[in-house]
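6 protein chains.
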Amino acid sequence: MKGAFTHLDRRGHAHMVDITAKTVTCRLARAACRVVMRPGTAAQLAEGGATARDILETARVAGIQAAKLTSQLLPLCHPLLLQDIHITFTVAEDHVAIGVEVGSVDRTGVEMEALTAGAVAALTIYDMCKSSDPDLSIEDLCVWEKTGGRSGSWHREEPGDAVYSDA
Amino acid sequence: MKGAFTHLDRRGHAHMVDITAKTVTCRLARAACRVVMRPGTAAQLAEGGATARDILETARVAGIQAAKLTSQLLPLCHPLLLQDIHITFTVAEDHVAIGVEVGSVDRTGVEMEALTAGAVAALTIYDMCKSSDPDLSIEDLCVWEKTGGRSGSWHREEPGDAVYSDA
Amino acid sequence: MKGAFTHLDRRGHAHMVDITAKTVTCRLARAACRVVMRPGTAAQLAEGGATARDILETARVAGIQAAKLTSQLLPLCHPLLLQDIHITFTVAEDHVAIGVEVGSVDRTGVEMEALTAGAVAALTIYDMCKSSDPDLSIEDLCVWEKTGGRSGSWHREEPGDAVYSDA
Amino acid sequence: MKGAFTHLDRRGHAHMVDITAKTVTCRLARAACRVVMRPGTAAQLAEGGATARDILETARVAGIQAAKLTSQLLPLCHPLLLQDIHITFTVAEDHVAIGVEVGSVDRTGVEMEALTAGAVAALTIYDMCKSSDPDLSIEDLCVWEKTGGRSGSWHREEPGDAVYSDA
Amino acid sequence: MKGAFTHLDRRGHAHMVDITAKTVTCRLARAACRVVMRPGTAAQLAEGGATARDILETARVAGIQAAKLTSQLLPLCHPLLLQDIHITFTVAEDHVAIGVEVGSVDRTGVEMEALTAGAVAALTIYDMCKSSDPDLSIEDLCVWEKTGGRSGSWHREEPGDAVYSDA
Amino acid sequence: MKGAFTHLDRRGHAHMVDITAKTVTCRLARAACRVVMRPGTAAQLAEGGATARDILETARVAGIQAAKLTSQLLPLCHPLLLQDIHITFTVAEDHVAIGVEVGSVDRTGVEMEALTAGAVAALTIYDMCKSSDPDLSIEDLCVWEKTGGRSGSWHREEPGDAVYSDA
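Chains as they are written, first to last, in my numbering: chain A, 1 to 167; chain B, 1 to 167; chain C, 1 to 167; chain D, 1 to 167; chain E, 1 to 167; chain F, 1 to 167.
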């Protein structure tokens, strides 16, 4: 079953998979995660005033920038040109849910770019809230959906994709 | 309670907190997270052969490199010089636990550097295992301990810090 | 009139505009600026000896490098591959005029890349001349012309585009 | 008078000035610039609603991030650790004034970091407003004040430093 | 014969060559180098245990990452998207031979990307072995072969390309 | 003898060596290499006209910039702040010799920074000369001298350090 890890060559060494022969198609990926926090912290963010807005806008910009840096952060990711990045936040009772959509016209999928944007947006919220709430944690960072490419569309088989419903 | 968010100035705008007057001390932070996966995927990594080793070594290098890029990823993080980065992996039945220790002699804490290293190490494992296991998710990314600085030592009040026990 | 800011989505949040459906065409942009300085400083640069040449060559290299980093500096800029960067300097009585031409075959315009190259070339001259002339300032940084893309050609309606005439 | 350009060595070649023997002191620099625009564009930003706020917050984050990248952009700038970055915006009738304060405890001044933050904040506003206003230009980018270091304090001898008065 | 240096324009200034009109084709380049070391150091790496493996894997990851950063390191290199990077190591009696293959579908060749990957992989081995062997040196860093593009295939006319034979 | 590789921890995994307890001292390193080329190519560079000067100045700027990026390129290098970078070129009959001096006041040595600057300066010359001379190679990249730190001064025991004699 060793061959299942496509980022390793036939000798088991890390390499960047050759995609020169793959077809250029329009690809989209959606990822999500949650920054779990004390209800009091979430309430401050939910009020929606200038303070909350500035924290979330800073996280949004950080996430967008990180998506563009994905191939510099993850060693075996192919560099590619993102043509669409959209990040949404939904403040709930004890967490902020982060949703990311990324699109590209290229030879490989963009799920790692969506995950990286989500991770860095979450870390930015963590950074800005940690002085008032040391109990933060980042949960459920995963891909929800991808379309385009040879393998066709895929979406995670779980209920309750609330992240995208009201963002 | 607005002042609790120290990354916002008195008008509520994002700024990088002035730490010029803070004392240079030796600071340490420990963070952790888990990459949750199918037992079959974890079993492949647990076998410990060359394949598993190369995946974890690639993630380790990516995490170390990311720790050094933290202030370029998180807008309000101060740049600082890390003098110690150590990342460990523990393969369990249905996940890989990642532990990060970061040290610096500087004017501010290094918990965001430890978290960033953990996040990027986890994303690298995600990237290298996703072709054989699409159900991956990253969980429980949080700071466990910090020492040094004016506020003294702190550690998360939770049982079972198994990450560090056998790594 | 809110919709006029295309970098904000329908809720007013920053996002990277979706250009996946746009046509790939050859695009060109020209930007310019001036580094205003004391006549004595400009005279040193105008002499054209090795010293002047090294200052301007350093600024040229810095500008070329910065053009390639544009999408990492400006949050909502799409990453794109520049295929042509040309920077010229014209030393006048009390300033150095900087002209930049940038070309790409892509889905979006390259005016921000031309502006970024101009800004960083100007800042490099500022850096290298500031010890002998503290009165420097950077003026008139703007786009002069763009071609390619759906909206066709555009050039700034002002007289005296002297920057390009003798560079 | 060749020696006046300290970034060139005795043969006239670019080098990074040796500052190993300089004293570590607390250093501060203030820079400013203006993004000149149509009164209608400025009015939209002056309204202060969510749209205006998001444009300015995005520019603020971009400026803070750019200050940290200064030594990667300007070839002869020494790398240093910024401990304080503060960016303010003042919307006037036909422009946005940008003020930057940067602080560090190091061996060399931070005026190029302040200028770089101002330039990139201005370029970000340019990027986000250019679709509705093609007549933008960036003006008067210069250092206003610096303190710390052997040469003592310095401030530009000009009237009307309005940038900082109400920001 | 001045025109032979295509990276200089007709006035002798550095510029990024305009390749907008060139054809997109599949391009490949192979480069190699050797890290020369004491036989005792090479013997430790040749044993192939975990220690040796981790040093070479770290170098492999560093080389892959560096290939993607080539246009940020070399001022006149065009940015391009690599779609294939493969690095091999062969431990010999007194050196480690490094072989790099890089592929891209673009308008220009990728030999500088292959060379940069080789240089950084070699420097990483240097860094990790220097504490036990101060006599290291990096030799014979050069391009061995390139295919694709208008000028067709080319390979260095020298005997003994042993680097690729047993890697 | 496994412990000789200090970049591996007691389990043989890569880590960044803990230097928090080391003393801050002034450290200097000198590295060198040669870009070997056809005599005709070297003759063009030796003429010393504007063309040659621009090639060497571009390489000098690239080398200076690369020294500052060393810890981003080499995974186990500690980030540190360089306070002195000086690069010289000596054109000989069949090569360009590159000499690099780097200085820092920090807890660890700067030899990898000097080597990285030399490698990237050499690669830049390679890039700019390769269209007229495909037989280029980079040779003898190694550290020549280091001072500062606990282990005291060290210099390579070889005759003929001609690189520095006439640069």
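Simulated from the structure, these hints should not be mistaken for lab results.
C-beta atoms are modelled at their ideal positions from N, C-alpha and C, and glycine is treated no differently.
Hints may contain errors.
Taking lysine-lysine and the DSSO-like style, the derived pairs with C-alpha atoms no more than 30 Å apart in a straight line are [to be verified]:
| # | chain 1 | residue 1 | chain 2 | residue 2 |
| --- | --- | --- | --- | --- |
| 1 | D | Lys22 | B | Lys22 |
| 2 | D | Lys22 | F | Lys22 |
| 3 | A | Lys22 | C | Lys22 |
| 4 | A | Lys22 | E | Lys22 |
| 5 | C | Lys22 | E | Lys22 |
| 6 | B | Lys22 | F | Lys22 |
Among chain B residues calculated to face chain E with C-beta under 8 Å, some are [unchecked claim]:
| # | residue |
| --- | --- |
| 7 | Asp18 |
| 8 | Lys22 |
| 9 | Thr23 |
| 10 | Glu57 |
| 11 | Val61 |
Cross-check of the supplied hints:
{"no.": "1", "hint": "Lys22/D to Lys22/B", "in the structure": "holds, 21 Å"}
{"no.": "2", "hint": "Lys22/D to Lys22/F", "in the structure": "holds, 21 Å"}
{"no.": "3", "hint": "Lys22/A to Lys22/C", "in the structure": "holds, 21 Å"}
{"no.": "4", "hint": "Lys22/A to Lys22/E", "in the structure": "holds, 21 Å"}
{"no.": "5", "hint": "Lys22/C to Lys22/E", "in the structure": "holds, 21 Å"}
{"no.": "6", "hint": "Lys22/B to Lys22/F", "in the structure": "holds, 21 Å"}
{"no.": "7", "hint": "Asp18", "in the structure": "violated, 31 Å"}
{"no.": "8", "hint": "Lys22", "in the structure": "violated, 32 Å"}
{"no.": "9", "hint": "Thr23", "in the structure": "violated, 32 Å"}
{"no.": "10", "hint": "Glu57", "in the structure": "holds, 4 Å"}
{"no.": "11", "hint": "Val61", "in the structure": "holds, 5 Å"}
Hint check: violations occur at hints 7, 8, 9; the rest are consistent with the structure.
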